[in-house]
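Student: Since the structure of chain A is already known, use the hints to place chain B on it.
Protein chains: 2
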Amino acid sequence: MAPPALKGAPLPATPVNTILLVVALQTEAAPLVKDLKLEEDTSGLFPAGVPWTKFSGEYKGMTVHLVTPGKDPIHGVDSVCTVPSSLLTFSCIQLLKPDLIINCGTAGGFQAKGAAIADVYLISETSFHDRRNTIPGYVEYGIGALEATPVAKLLSHLSLKEGVLTTGDSLDHVPEDDIIMKNNNATVKDMEGAAIAYVANMLSTPLIIIKGVTDIVDSPAPTDEEFLRNLHQAAHAVQAVVCDALDFLSSKTLSDLQ
Amino acid sequence: MAPPALKGAPLPATPVNTILLVVALQTEAAPLVKDLKLEEDTSGLFPAGVPWTKFSGEYKGMTVHLVTPGKDPIHGVDSVCTVPSSLLTFSCIQLLKPDLIINCGTAGGFQAKGAAIADVYLISETSFHDRRNTIPGYVEYGIGALEATPVAKLLSHLSLKEGVLTTGDSLDHVPEDDIIMKNNNATVKDMEGAAIAYVANMLSTPLIIIKGVTDIVDSPAPTDEEFLRNLHQAAHAVQAVVCDALDFLSSKTLSDLQ
Chain A
1 MAPPALKGAP LPATPVNTIL LVVALQTEAA PLVKDLKLEE DTSGLFPAGV
51 PWTKFSGEYK GMTVHLVTPG KDPIHGVDSV CTVPSSLLTF SCIQLLKPDL
101 IINCGTAGGF QAKGAAIADV YLISETSFHD RRNTIPGYVE YGIGALEATP
151 VAKLLSHLSL KEGVLTTGDS LDHVPEDDII MKNNNATVKD MEGAAIAYVA
201 NMLSTPLIII KGVTDIVDSP APTDEEFLRN LHQAAHAVQA VVCDALDFLS
251 SKTLSDLQ
Chain B
1 MAPPALKGAP LPATPVNTIL LVVALQTEAA PLVKDLKLEE DTSGLFPAGV
51 PWTKFSGEYK GMTVHLVTPG KDPIHGVDSV CTVPSSLLTF SCIQLLKPDL
101 IINCGTAGGF QAKGAAIADV YLISETSFHD RRNTIPGYVE YGIGALEATP
151 VAKLLSHLSL KEGVLTTGDS LDHVPEDDII MKNNNATVKD MEGAAIAYVA
201 NMLSTPLIII KGVTDIVDSP APTDEEFLRN LHQAAHAVQA VVCDALDFLS
251 SKTLSDLQ
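These protein sequences, in sequence, are chains A and B. Counting along the first sequence from 1, when you hit position 196 you're at 196 in UniProt numbering, and nothing is skipped either side. Counting along the second sequence from 1, when you hit position 96 you're at 96 in UniProt numbering, and nothing is skipped either side.
Incorrect hints may appear among the rest.
One copy or two, it doesn't matter: identical chains are merged, so the pair holds either way.
What the hints assert, rightly or not - Subject to a maximum C-alpha distance of 25 Å in a straight line, what follows is the list of computed SDA-like cross-link-like pairs (lysine to any residue):
(1) K182 - I74
(2) K71 - A112
(3) K97 - P47
(4) K97 - I74
(5) K71 - Q94
Just so you know, these hints were derived from the structure itself, not from any lab.
Looking at chain A on its own, in the form it has when it is part of the complex (with noise of 0.2 Å):
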């Protein structure tokens, strides 16, 4: 069954000027900061306490924003994992407006799938694979599919693979993942991205997930010593690939990615 169509599609002809950036990990959002030329803002945007960052700038006429969880205070970490992000998400759509969000960062890929290490992917569909409830109802709603926002014309410009992401809040997985994970038909796993969709969906905002492979899903490699040592790589492959689409979104309207 196809998940349910997206809230705010079709797009409408408004125009691209604000661009949201959620990324999870300091490692992956280091080189867009740089290549984009954004400057940190410590204006304190956000409730005391929280450890977020934001890093802004103007990029071709749009207004850029990049935000990351940041540190977590306790544990001196990334702010991985769903419950972070979508607290980021959820409130920089309240502060900062944006007309669109890009999610993009690292991710495990599927061989079965035809993923390669590095490969970048355009998200088309995301579930989670790690809230399982028998309870009658509770099975769909615990998957959580949603469509992507519709952006054909950017995929095609790009040029990327295409393909449905599962998220998690572990970095491995266990045998009852897997069974999920073959289910919701993922070619891209990571640890944020369909809570962060849940929230862009919610609040009806167009999001782009753009995931860079530094693990195969599906092999017998430790995934930790795999993602280690493909991150740098894989995180400038997606820079790549986020700036490209930058370029492309620039002076357009929303109606013209799909």
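Tutor: Only chain B this time, still in chain A's reference frame:
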């Protein structure tokens, strides 16, 4: 290792004027709304698009708001899991500025730790059990253990059992969850609590978690059947304890609770 001390502890001598009850299920919320004579707020406080509900009223000199993440607009079921409750709690802290949050509802209990159906627990500590990540530094971040707000006098007054809560987005549990839940020293298992604690700690808002047992985690009975059979009984047990807690909180300061 003990979890990190909470922000805001020890508690200040500020009066408990405004209380925010965060409740995941409509079945859990209904008896409380009725008992406390709360009225639905349809003034449009929340952003357009969110399915959240809010019921408010005065109770023994305090302003009480009860909020739920509401019915998912696509699937028509209660918006369970960590992401909706964390978004709701985050927004309500900012919009309603509660002196104290009470997250109350139903949960699984571990009979190995003495839990029985309809027991009600005051939570001493929260952790996650489904955010596995073996990259150095991320193990402890994924677990995300947090002490509860210290409320020894309230605990003594209510004569409740005390236990550690472990949170995950699935109703059931896989062998990897079992290992982590045991390491978390869990007595109670739910699908929202640790995420609400994450938000409350981040925004320095005191939080009490009260959970009634609907099903036994470490028994062979299917969780979904046990849960549905015992939901009303456990929800009513929680309701009675929450009303007792509110009676105790009336005319008190936060520091009176510890």
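Student: Run every hint past the structure and note whether it holds.
Tutor: Results for each hint:
no., hint, result
1, K182 - I74, "between (35 Å within a copy, 22 Å between copies)"
2, K71 - A112, "neither (34 Å within a copy, 37 Å between copies)"
3, K97 - P47, "both (17 Å within a copy, 12 Å between copies)"
4, K97 - I74, "between (30 Å within a copy, 24 Å between copies)"
5, K71 - Q94, "both (22 Å within a copy, 22 Å between copies)"
Violation of the numbered hints given earlier is confined to hint 2; every other hint is satisfied by the structure.
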